[in-house]
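If you read the sequences in order, they're chains V and E.
Numbering follows numbering that gives the first Met the number 0, with no gaps: position 146 of the first sequence is 145.
Numbering follows numbering that gives the first Met the number 0, with no gaps: position 125 of the second sequence is 124.
No wet-lab data here; the hints were simulated from the structure.
Keep in mind that a hint or two might mislead.
[To be verified] Using C-beta positions, here's what the derived DEER-type ranges look like: (1) V:K159 to E:I114: 48 to 56 Å; (2) V:G53 to E:I73: 33 to 41 Å; (3) V:S59 to E:P13: 30 to 38 Å; (4) E:I136 to V:E192: 47 to 55 Å.
Just so you know, these numbers come straight off a predicted model, no measurement behind them.
Virtual Cβ for every residue (Gly too), placed ideally from N, Cα, C.
The primary structure of each chain is shown beneath.
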Amino acid sequence: MKSGIRFGSLFLISFFLLFLCSGCSSDDVGVVNVLNWSSYIPDSVIRDFEQETGIQVNYSTYSSNEECLAKVSSAKEGTYDLIFPSDYMIEIMIYRNMLEKFDYSKLQNEGNIDSFYLNQSFDPGNQYSLPFVMASTVIAVNREHISDEIRSYSDLLNDKYRNNITLIDDQRIIIGMALLANGYDMNTVDESELNVAKEWLLQLKPNIKAFDSDSPKNFLITEEADIAVLWNAEAALAYQEMGNIEFIYPEEGTALSMDNFAIPKGARHREEAYQFIDYILREDVMKEIIESYPYKNVNWKTQKLLDSNYLDNIASNIPSYIIEQGIYVENIGESVKLYDKLWAEIK
Amino acid sequence: MKSKKVWKFFFLVPVILYVTLLIALPLLYILFISFLKSDYYGGMISSFTIQNYIDVFDQVYVSVFLKSIAIAGITTLICILISYPFVLAISHKKPRTQKILMTLVMVPFLTNSLIRMYGWLVLLRKSGVINQVLLGIGVIEEPLSLMYNTFGILVGMVYTLLPFMILPLYSSISTVDNRLLEAASDLGASKFKTFFKIIVPQTLPGLFNGSLMVFTPALGYFFITDILGGGKFMILGNLIKNQFLTARNWPFGAAISIVLVLVTCVFIFLYRKLGGKMDDLGGAS
Numbered sequence: 000m001k002s003g004i005r006f007g008s009l010f011l012i013s014f015f016l017l018f019l020c021s022g023c024s025s026d027d028v029g030v031v032n033v034l035n036w037s038s039y040i041p042d043s044v045i046r047d048f049e050q051e052t053g054i055q056v057n058y059s060t061y062s063s064n065e066e067c068l069a070k071v072s073s074a075k076e077g078t079y080d081l082i083f084p085s086d087y088m089i090e091i092m093i094y095r096n097m098l099e100k101f102d103y104s105k106l107q108n109e110g111n112i113d114s115f116y117l118n119q120s121f122d123p124g125n126q127y128s129l130p131f132v133m134a135s136t137v138i139a140v141n142r143e144h145i146s147d148e149i150r151s152y153s154d155l156l157n158d159k160y161r162n163n164i165t166l167i168d169d170q171r172i173i174i175g176m177a178l179l180a181n182g183y184d185m186n187t188v189d190e191s192e193l194n195v196a197k198e199w200l201l202q203l204k205p206n207i208k209a210f211d212s213d214s215p216k217n218f219l220i221t222e223e224a225d226i227a228v229l230w231n232a233e234a235a236l237a238y239q240e241m242g243n244i245e246f247i248y249p250e251e252g253t254a255l256s257m258d259n260f261a262i263p264k265g266a267r268h269r270e271e272a273y274q275f276i277d278y279i280l281r282e283d284v285m286k287e288i289i290e291s292y293p294y295k296n297v298n299w300k301t302q303k304l305l306d307s308n309y310l311d312n313i314a315s316n317i318p319s320y321i322i323e324q325g326i327y328v329e330n331i332g333e334s335v336k337l338y339d340k341l342w343a344e345i346k
Numbered sequence: 000m001k002s003k004k005v006w007k008f009f010f011l012v013p014v015i016l017y018v019t020l021l022i023a024l025p026l027l028y029i030l031f032i033s034f035l036k037s038d039y040y041g042g043m044i045s046s047f048t049i050q051n052y053i054d055v056f057d058q059v060y061v062s063v064f065l066k067s068i069a070i071a072g073i074t075t076l077i078c079i080l081i082s083y084p085f086v087l088a089i090s091h092k093k094p095r096t097q098k099i100l101m102t103l104v105m106v107p108f109l110t111n112s113l114i115r116m117y118g119w120l121v122l123l124r125k126s127g128v129i130n131q132v133l134l135g136i137g138v139i140e141e142p143l144s145l146m147y148n149t150f151g152i153l154v155g156m157v158y159t160l161l162p163f164m165i166l167p168l169y170s171s172i173s174t175v176d177n178r179l180l181e182a183a184s185d186l187g188a189s190k191f192k193t194f195f196k197i198i199v200p201q202t203l204p205g206l207f208n209g210s211l212m213v214f215t216p217a218l219g220y221f222f223i224t225d226i227l228g229g230g231k232f233m234i235l236g237n238l239i240k241n242q243f244l245t246a247r248n249w250p251f252g253a254a255i256s257i258v259l260v261l262v263t264c265v266f267i268f269l270y271r272k273l274g275g276k277m278d279d280l281g282g283a284s
């Protein structure tokens with residue numbers, strides 16, 4: 000889901016698109032410019048929305064929160080009407096005054112969202128954002144090749160797994176994992192604690208086959224690696240593809256991420272953006288999305304429509320006790336520098 | 000006379016515009032922001048500081064520099080070792096065959112390099128074509144680790160950058176006077192000796208040109224280390240990309256870029272010290 004190998008090319012493309020868009024008339028009604036994660040909403044949902052409302056969706060994607068931030072802040076104000084940043088990025092965008100306040104009178108289906116997921120610390124009172132889906136990290140193990148019991152991150156240090164583990168290419172998540180493994184806060188800014196995490200990761204390094212965020216599930220599917228630390232939906236998709244995969248939520252805790260609807264400041268097609276949000280919040284539409292990309296559903300009406308394939312799979316339907324003890328990546332301001340340096344050291 | 004001058008200037012305008020708008024201005028902008036401070040929210044604070052340049056010389060980042068230079072150096076060396084025999088072999092062919100073969104060298108450029116890297120993934124991975132064939136005919140019993148390591152990175156780098164070595168080398172080898180080679184062989188020089196005493200000195204400009212064109216991008220091609228190196232290796236390209244994206248520290252990323260430009264300048268300076276001419280770098284032949 001994350002990382003930005005394609006950032007360069009996307010950047011160029013968006014540059015061209017910018018020129019194209021500045022060429023066409025700017026206040027055309029019936030258009031909505033959506034910027035979303037890649038692999039989050041199936042094309043069929045977009046087409047159905049277009050057919051039902053007559054609104055044309057200009058859809059572009061990003062693969063990390065930072066890429067989203069860079070795109071929105073470097074484009075002309077009003078280029079995008081709807082974005083899907085995660086928790087800590089919402090906080091950053093609110094701080095930078097980049098988001099519009101939600102006008103709830105324009106929405107009808109916001110009541111479908113389970114109140115359990117509302118009112119989070121990054122946006123108290125949901126003034127600027129509404130939850131779309133939730134994700135968590137999980138350890139996925141190919142049980143055809145590996146039979147040992149794995150319950151914690153520290154179990155991954157076993158030298159039997161040499162060159163056999165793939166991790167998400169995300170410094171906050173992976174350094175966070177090392178911190179959790181050592182009993183520290185995942186968002187710590189304490190240098191000595193980070194040093195312990197570094198040593199832990201250096202110890203793990205011989206076991207690491209690759210860091211990949213674009214499609215970590217492929218490492219499992221092609222049997223390139225037998226263990227992966229990845230986002231829950233990726234793990235669930237790997238399971239659909241090959242079966243015989245066990246999901247482990249490590250006892251030290253897991254990283255959570257909540258992706259949200261948000262409207263950037265100066266959006267020119269707000270009405271259409273609200274219509275799009277309302278459409279996605281409809282229980283049947285959300286069901287279609289969740290069935291294609293099995294992240295954790297936050298829509299209580301949809302939850303009643305989903306079948307046992309989804310509900311009984313702990314990788315897609317994350318158990319609530321995991322969510323309660325899960326930890327969000329927090330904005331740590333300047334200390335991100337420490338993480339970045341540590342990342343360069345272990346690579 | 001005067002109108003001729005005006006015309007000349009007129010034709011220069013696109014080039015001047017191109018160089019100032021697309022090369023000089025962005026570089027100046029990078030230089031400018033490298034002295035600013037990041038607010039770590041993706042923005043910059045306008046206050047003058049040289050802290051970014053001090054940070055570049057932190058031991059962690061220096062080792063990234065050294066690692067990148069090592070990978071780029073080895074890539075260049077392998078490219079030289081492959082290109083010389085190739086170019087020598089081609090230069091003895093008929094002109095028509097030469098043209099066809101050189102066109103073939105450039106054909107891969109028609110496809111996006113990112114897609115070609117994914118092609119290598121299919122070839123090199125554990126369940127990939129090469130391993131399957133070798134396992135099938137019984138040469139190996141365990142799949143070889145052909146990627147997600149330094150080997151994979153070098154395959155990607157050499158494959159992507161080889162044409163940049165072959166092209167300048169080819170154009171300089173075609174200027175070697177055949178009579179010199181004949182004289183050498185008449186005087187009883189071995190092939191080995193002919194190569195080192197005649198061909199190498201005469202193709203030195205092409206060699207330097209090619210080396211710079213391979214070495215410099217090899218420091219920055221982060222998509223190759225990401226895909227074929229499994230994201231486990233950080234070269235300068237990855238480091239700079241991370242500053243602009245994950246660390247949200249544009250000024251530091253800019254400072255690293257400027258140091259990278261300076262490193263490249265040092266290599267060009269060395270090239271001139273060794274007697275290279277700037278004209279040869281233009282690829283004129």
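Checked hints:
no. : hint                         : verdict
1   : V:K159 to E:I114: 48 to 56 Å : 36 Å, violated
2   : V:G53 to E:I73: 33 to 41 Å   : 58 Å, violated
3   : V:S59 to E:P13: 30 to 38 Å   : 31 Å, holds
4   : E:I136 to V:E192: 47 to 55 Å : 52 Å, holds
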